[in-house]
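*Asks:* One letter stands for each residue in the lines below.
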Amino acid sequence: MQRFEGQVQLVLYPLALNPAANPASEVAAQAAWCAGEQGKFWDFHHMLYRRQELWNRFAAPLERLSDFANDLSLDPTALKSCVESGRMQTFVAADRTYSQQLQVNSTPTLFINEQRVVGFRPEDELMRLMRQELDRVQRPGQ
Amino acid sequence: MSSVQASSLLVHLRRWGHLCTLPWVAVLLRVLVGGVFVFAGFSKLLLPHAEVIEHVQQYQVLPGWLVSITATFLPWIEVGSGTALLIGFCTTPAALLIAVQLLNFSALMGLVLAAGIPIADCGCFGNLGLPETPLQVLLRDLVMLALLVPIIYRQRDALSLDAWSNAPASYEACVRRGDEEGAQVRGGRRE
Amino acid sequence: MAKKSKGRAQTVRPRQQSTRAAVAPQRWRLKLVIGGVILAVALGVGGLVRFLQHSNLSPRLQKAVDQHYTLGTAGAPVVIKEFSDYT
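So the sequence lines, in the order shown, correspond to chains A, B and C. The numbering used here puts the first sequence at residues 1 to 142. The numbering used here puts the second sequence at residues 143 to 333. The numbering used here puts the third sequence at residues 334 to 420.
If we strip away everything but chain A, and leave its shape as in the complex, we get (with noise of 0.2 Å):
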């Protein structure tokens, strides 16, 4: 991101494409959005994947994520209390929602603009697929 400074934006829709088979990949979207309340979306975000395999094959990792929201200096009793309210229900199932519109079928999926890009790409990929489409819609008369 650094190298197309000003030039690319990233937003990210933390989803749970299947809760009903997978009910573990819900809290933990849900657990996302409740870390950004504190200020702590980006590294609860990192941390998520960089701990997976510790996590993910609970059904319900709650306590687990828990557990982990100390080493990032969160509120986990914050976090666990806004998990089970069910108030980052609506923005997990709008992004389902909105996935669902857009077709995606398998995680993860980027749209570069237009272009879709499904499943793991390594970085020079990725980097070479946003050169394209920066020199595409930077070329005069487009």
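All the pointers check out, no bait thrown in.
Here are the simulated lysine to any residue pairs, SDA-like style, with alpha carbons at most 25 Å apart:
no., chain 1, residue 1, chain 2, residue 2
1, C, Lys396, A, Glu37
2, C, Lys396, A, Asn113
3, C, Lys364, B, Ile294
4, C, Lys364, B, Asp304
5, C, Lys364, B, Leu164
6, A, Lys80, A, Ser66
7, A, Lys80, A, Asp43
8, A, Lys40, C, Tyr402
9, C, Lys396, B, Ala192
10, C, Lys396, A, Pro108
11, C, Lys396, A, Gln101
12, A, Lys80, A, Tyr49
13, A, Lys80, A, Met47
14, C, Lys396, A, Glu133
15, C, Lys364, B, Cys232
16, A, Lys80, A, Arg51
17, A, Lys40, A, Asn70
18, A, Lys40, A, Leu12
19, A, Lys40, C, Gln400
20, C, Lys364, B, Ala241
21, A, Lys40, C, Ala407
22, A, Lys80, A, Phe58
Not close to chain B: a few residues of chain C, all C-beta gaps over 12 Å, as computed:
no., residue
23, Pro392
24, Gln395
25, Lys396
26, Asp399
27, Gln400
28, His401
29, Tyr402
30, Thr403
31, Leu404
32, Gly405
33, Thr406
34, Ala407
35, Ala409
36, Pro410
37, Glu415
38, Ser417
No wet-lab data here; the hints were simulated from the structure. Each residue gets a CB set at the ideal place from its N, CA and C atoms; glycine is no exception.
Given chain A, work out where chains B and C should sit, using these hints.
*Replies:* Then chains B and C, alone, in the frame of chain A:
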């Protein structure tokens, strides 16, 4: 296998062989196999192109350039060959094209199984069908290959464009034109 | 009499065959046309489905990014929308 079991198997095989000569069996199998391919093709066309590429890429055995070509053309080939088989248009070439596809898919699934590549959903029917593992796809494709045999080696066409175009029309033409000699031939036969 | 009839039948058969030969190419051509049209319709429907899907995508992607967490500059020429699952 005992001789009783062997002779019982032979009887079943003969019955199947006899069934395969019945035109309505070929029609049924044509509709079934053709229908499956039309459905598979349309289900992929309903998906975003990038999703189809991702489905093909997950097999990890195809080179990059072939992934793109396969994802682009496969749905259209499925729809085209399936439709042709369904309506009985150029039935043998359509059936052979489908057989080639089935052989390719079976070989691909075999490679994936041998390499132990974990695939939860083959992506064969996009979002419209049940997720299938490579083993399930392999078995299904081998069954469909077997079902193509009576279609390719059919004795007569029925309920198909090919049948309609091959139907003998000379008698009708004679009657329509009021061909007297045709009537005389019929009269001569009675004598 | 039987011989005469047979003789007549023999002279008629080539005409029957020529009639059949005249009708067969017509039907064969018609079969190609009908089969081609049906194939074209099937493929055309597929193309329409693909086209409609992409044309629906563009306006939906223009949706505002408010209330979501972002990195980078607002109003940048390239916007990356990332949909990811934490599991």
